[in-house]
Amino acid sequence: MLVPVSWMEEYVESRFAHPDLAERMVLSGSNIESVEVIGEGTEGVVIGKVEDVWDHPDSDHLVVCKVDVGADDGQPLQIVTGAPNVRAGDFVPVALHGSTLPGGVRIKKGKLRGVESAGMICSAQELGFDDKVVPLASKDGIWVLPEELKQEAALGQDALEALSLRQAEVIDFEITPNRPDCLSVYGMAREYAAVYDLPLQKVETLARDIPTDQSAEDFVKVSIAKPDLCPRYIARVATDVVIRESPWWMQRRLMLAGMRPINNIVDITNYVMLELGHPIHAFDIREIAGGEIHVDTAAPGETFTTLDGAERTLTEDTLLIKDGKRGVAIAGVMGGLNSEIRDDTKTILIETASFSEDSIRKTSKRLGLRTEASSRYEKGVPAELSQIASDRVCYLIDLTQSGKVLKGASDCYPAPQAKRTIIARAARVNAVLGTDLPADDMAGLLKRLGMEVEAKGGQLLVTPPSVRVDLKEEIDLVEEVARIYGYDKLEPTEHADSVAAQVTGSWAVRDLLRDVLTGAGFSEIQTYSFVSPAGVELIGAAGDPEKTDFVKLINPLGEENSVMRTTLLPNMLDVLARNFNRGNADCALFEIGNTFHMGQKTAEGLPTERLSLCAAFYRKGGPQLFRSGKDADFFLLKGALEKVFAKLGLGAPPLAPEEHSPTWHPGRCALVAGYGVIGEVHPDVLARYGIEERVCAFELDFDALAAAAALKREYAPLPKHPAATRDIALLAPEEVTVGALEGVIREKGGKTLESCGLFDVYRGKQVPEGKKSLAFSLTFRAQDRTLTDEEVNKTLSRILKSLESDCGAILRDA
Amino acid sequence: MKRPEEIFEEARALIEKAADGAAVEELRIRYLGKKGELTALLRQVGEIAPEERKAFGQLVNKAKSDVEQLITERKKAFEQAGQGLRLKAERIDVTEPGREIPAGARHMITQTIDEIVGIFMSMGYSVTEGPEVETVFYNFDALNASPNHPSRDLSDTFYITEDVLLRTQTSPVQVRTLLAQKPPVKIISPGRCFRTDTPDATHSPMFHQVEGLLVDEGVTMTDLKGTLDAFAKRIFGAGVKTKFRPHFFPFTEPSAEVDVSCFLCGGEDPSCRVCHGSGWIELLGCGMVHPNVLQVADIDTERYTGFAFGLGVERTAMLKHGIDDIRLFYENDVRFIAQFY
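Chains as they are written, first to last, in the working numbering: chain A, 1 to 814; chain B, 815 to 1155.
Hints may be right or wrong, so weigh each one.
What the hints assert, rightly or not - With a straight-line cut-off of 20 Å between C-alpha atoms, the simulated SDA-like cross-links for lysine to any residue are:
| no. | chain 1 | residue 1 | chain 2 | residue 2 |
| --- | --- | --- | --- | --- |
| 1 | A | Lys552 | B | Asp967 |
| 2 | A | Lys643 | B | Asp977 |
| 3 | B | Lys890 | B | Ser965 |
| 4 | A | Lys365 | B | Ala917 |
| 5 | A | Lys325 | A | Lys365 |
| 6 | B | Lys1057 | A | Leu21 |
| 7 | B | Lys890 | B | Arg844 |
| 8 | A | Lys638 | B | Glu976 |
| 9 | A | Lys362 | B | Glu976 |
| 10 | A | Lys643 | B | Ser965 |
| 11 | A | Lys365 | B | Glu840 |
| 12 | A | Lys638 | B | Ala994 |
| 13 | B | Lys1047 | A | Leu21 |
| 14 | A | Lys552 | B | Ala917 |
| 15 | A | Lys794 | A | Thr725 |
| 16 | A | Lys472 | A | Pro492 |
Stated by the list, open to error - Simulated restraints on C-beta separations:
| no. | chain 1 | residue 1 | chain 2 | residue 2 | range |
| --- | --- | --- | --- | --- | --- |
| 17 | B | Lys1055 | A | Asp343 | 52 to 62 Å |
| 18 | B | Asp1147 | A | Ser6 | 32 to 42 Å |
| 19 | B | Leu873 | A | Thr752 | 58 to 68 Å |
| 20 | A | Gly104 | B | Glu1145 | 53 to 63 Å |
| 21 | B | Pro1013 | A | Asp172 | 24 to 34 Å |
| 22 | A | Lys139 | B | Pro1013 | 47 to 57 Å |
| 23 | A | Thr602 | B | Lys1055 | 20 to 30 Å |
For the record, the hints were derived by calculation from the structure and aren't laboratory data. By construction, the Cβ of each residue, glycine as well, lies at the ideal position given by its N, Cα and C atoms.
Sequences are here, hints too, so could you generate the full structure?
Below, the structure is given as structure tokens:
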């Protein structure tokens, strides 16, 4: 909301300037986007009069002008311009040689296509106005200054001074949706007055009981068929209207407040809308059939042409202003082309009405037509304000001699609204704020905002101004007291309680696993929860009903963010691919995040959200991953998986080979029973992502891990007796797995086998085709005694026997 | 029979001449071993006149201990010399790079959440989380948002169905918690939020918030100020000040936005990357829980009051670390992540 400070100050009686205005307004809740000073930095632009215009000899779009700028020598300047709207006799702003325009642009004399030009005739835009506020006559050329300046300004006078634009401060307030009353200059003036505890001036109006022969009721009769959608409709009438340019003071305020001046009648309606926040519409009464205004809903399918020329189809919900025959305006949204003010309009009907917020919002939304009027009606325009606004329009018509306002009004107000009185308990206000303010002080603060307050035994009976539609209950007044008192005056305190922080299981487990994985060299990533459904296809899981059980967005930003992820793997591969393409060497990453499953609904009917843990890496060039001395392969990732399981007290991860998933390398993948999957990503998948390195990954159901986690640790006494170690090298058939051999060793090793570790795998010379050599290191220990060689050897031979009989593995070199 | 003094002199000369530790050890065996010359003397004590035996024994023992001392000293000297040579040979180039120790980094967002949550946990707030896919009821209705609040629009909020959406704020957790437990309620709730913003340097359709809620008897707005002021000082430094500006949120009243004084320049630098010279940075939104919200959970609003606050995680991280583009968080370039190891 753009508010020119000078306009606001018209209503705030103050003997002093307020240099801290912006700061104080912000601290009382009127947040400020920006403060702009029109004319700041502009120097040397003067009023000039175009004396003569002729074509440039050497150009078909430039003209040469003789401009009188009141020079001491009486000589006019010769200036070349490309503006199409320059005409002899007009007053224009002239940037002289050596002048400065906004943004620090310096103007110097020079030659344009060989013709001397002593300066520049400026457009309004060049003097700092936005394109959308410049009067149409000046929009695409130089600024043709208002007629009245021909009497009031002297040639050569500083143009900004002559236009009262020197240091014209405009504050752009950020208005929160609860404060429609602040979408007006007068509303902001009320805040201004409250902040500085100054009186707020009344708005000058033209009452209905003026002595005219004719009255408004002679011209128009209003009826409302839908009082729930239109609580009040006031029609006043002005005759002898002359459509012309508005006085400059009005144009200036409109332009500073962000609105383009059109003509006096349109400008007055806009002026009152900006000033009081109440939209106004003016009709040409010639077009109002039968002098009847009838507020009703449209017939379904009825078409209507709005004054922007567009034909619109209405529904039975559309509130329509009708005359004796047809629609003349879509209520609160836009007037009709059939009844708009024209240059020859003589008598006007001034509509000042209050409409239902919901009705206007729906209509505006359905028509896709949001106007200055509709955006205000949507937020609420109280019926009480309508009368002031109506009389204010009449006052301005009278003041600007734009027409002859008639006495009376056709004011249809079937159910006048009672004043709202809210009770605020002083003790409650203090209890919420933590203050100790006397009730009288609270009353004083509220009165500054224009409220009527009656203090009665610790209670305040408060009647807010009708425009304060946000004030409905006690807590609303608590806030008003607090913000006018000043949040900065509230002394910080500490609430005393004995509540202790608790950590939920899942949160703590996430923290632990982040430690495990970062400690293992993996870095954490965070990726979007919404993804492209194509990701599941890229990983070859399009046929997996669980992975395609999408939660779909109705209004995604695009296809690439249109469904909630069912797996973290596609995002992980995206990130790996991005890093790969950027030439980043070794990359080991993990993510802990939610996956979403539409088919499985919660008790509330929401899709299930499950936390998932995904880790992956590729190795690219440079030193080996983690300089582990080994390739970054399945087993490196399995090592990380084992650390995850160990940290959670879950023992060894239960892996079973998986050969049939299109996502994974058929020979290098395993299901982690009950938790997920680990493997090398299938080369076809990697090709789709453009990753030219092997990638290993696992994805686990984090919630299942957290639920199974056994985090409690119990101390096991340290061994008192020495261990005996035996290293064995086995020759085993290729198809026998290490897991199977280990199983036999552990089973036969019994209680005294403390550990069994594979430390070498060898194929090649001295190992027959179809066999492999596997070296295990076995450690034996008893808790209660030192094992004898005899005992250890007995167990070992039992193990070897079973290895041979069960697995066909024999001791090498035996 | 040699006298002990003679043997001692002889041994002393030999020990001095010994070439290395091994030679010294040979001498130890020769004189002090089981069959050593001095040990042998003691066995010959029978050949000495009884009245001289005591004196003789003393002489032998003295010679033994003197030799032993010489040998120990000489051995030590050889050891020291030997170690010096060995250490010299073992010299390394300490400017060679250290070997890579596996070390990943938590994501910047996680680190920031950890820090914020850690501060509030130390004040007694418990972590509570809620779903990312939410109902319209919890995200808007129960939070006192008017039926026409603009943030409900399809142009602001991602919808799954008419009644289900991606939460636009972490505030729904307030209502869920109030419905699930009786006051005192003291929670902190980090999580993901979604709004229909097209990604650019300062906007992301997905971002993280941390919500806080305290509902108890006698909770006041001055408590809210005290709590957030303490938080700001802990996260940005003890020197920062806070400024509370009135604002509007449907679910709190009175509501405020909180600015912190610029922790980088203190408002001194007009080109400051953090405050752009204003001296203040917008940090979070907060307020006293609206009675309508408490009533959703059937909480006696005369007995209990509360405050709530919510702050943006990305914004906090960007301010603290000088990150100028929010998209960096979600690109996950390892070179970015590694900077925050």
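Hint by hint, here is what the structure shows:
no. : hint                               : verdict
1   : A:Lys552 <-> B:Asp967              : holds, 18 Å
2   : A:Lys643 <-> B:Asp977              : violated, 43 Å
3   : B:Lys890 <-> B:Ser965              : violated, 86 Å
4   : A:Lys365 <-> B:Ala917              : violated, 55 Å
5   : A:Lys325 <-> A:Lys365              : violated, 27 Å
6   : B:Lys1057 <-> A:Leu21              : holds, 17 Å
7   : B:Lys890 <-> B:Arg844              : holds, 19 Å
8   : A:Lys638 <-> B:Glu976              : violated, 44 Å
9   : A:Lys362 <-> B:Glu976              : holds, 17 Å
10  : A:Lys643 <-> B:Ser965              : violated, 45 Å
11  : A:Lys365 <-> B:Glu840              : violated, 109 Å
12  : A:Lys638 <-> B:Ala994              : violated, 41 Å
13  : B:Lys1047 <-> A:Leu21              : violated, 29 Å
14  : A:Lys552 <-> B:Ala917              : violated, 38 Å
15  : A:Lys794 <-> A:Thr725              : holds, 14 Å
16  : A:Lys472 <-> A:Pro492              : violated, 28 Å
17  : B:Lys1055 <-> A:Asp343: 52 to 62 Å : holds, 60 Å
18  : B:Asp1147 <-> A:Ser6: 32 to 42 Å   : violated, 52 Å
19  : B:Leu873 <-> A:Thr752: 58 to 68 Å  : holds, 60 Å
20  : A:Gly104 <-> B:Glu1145: 53 to 63 Å : violated, 38 Å
21  : B:Pro1013 <-> A:Asp172: 24 to 34 Å : holds, 26 Å
22  : A:Lys139 <-> B:Pro1013: 47 to 57 Å : violated, 35 Å
23  : A:Thr602 <-> B:Lys1055: 20 to 30 Å : violated, 44 Å
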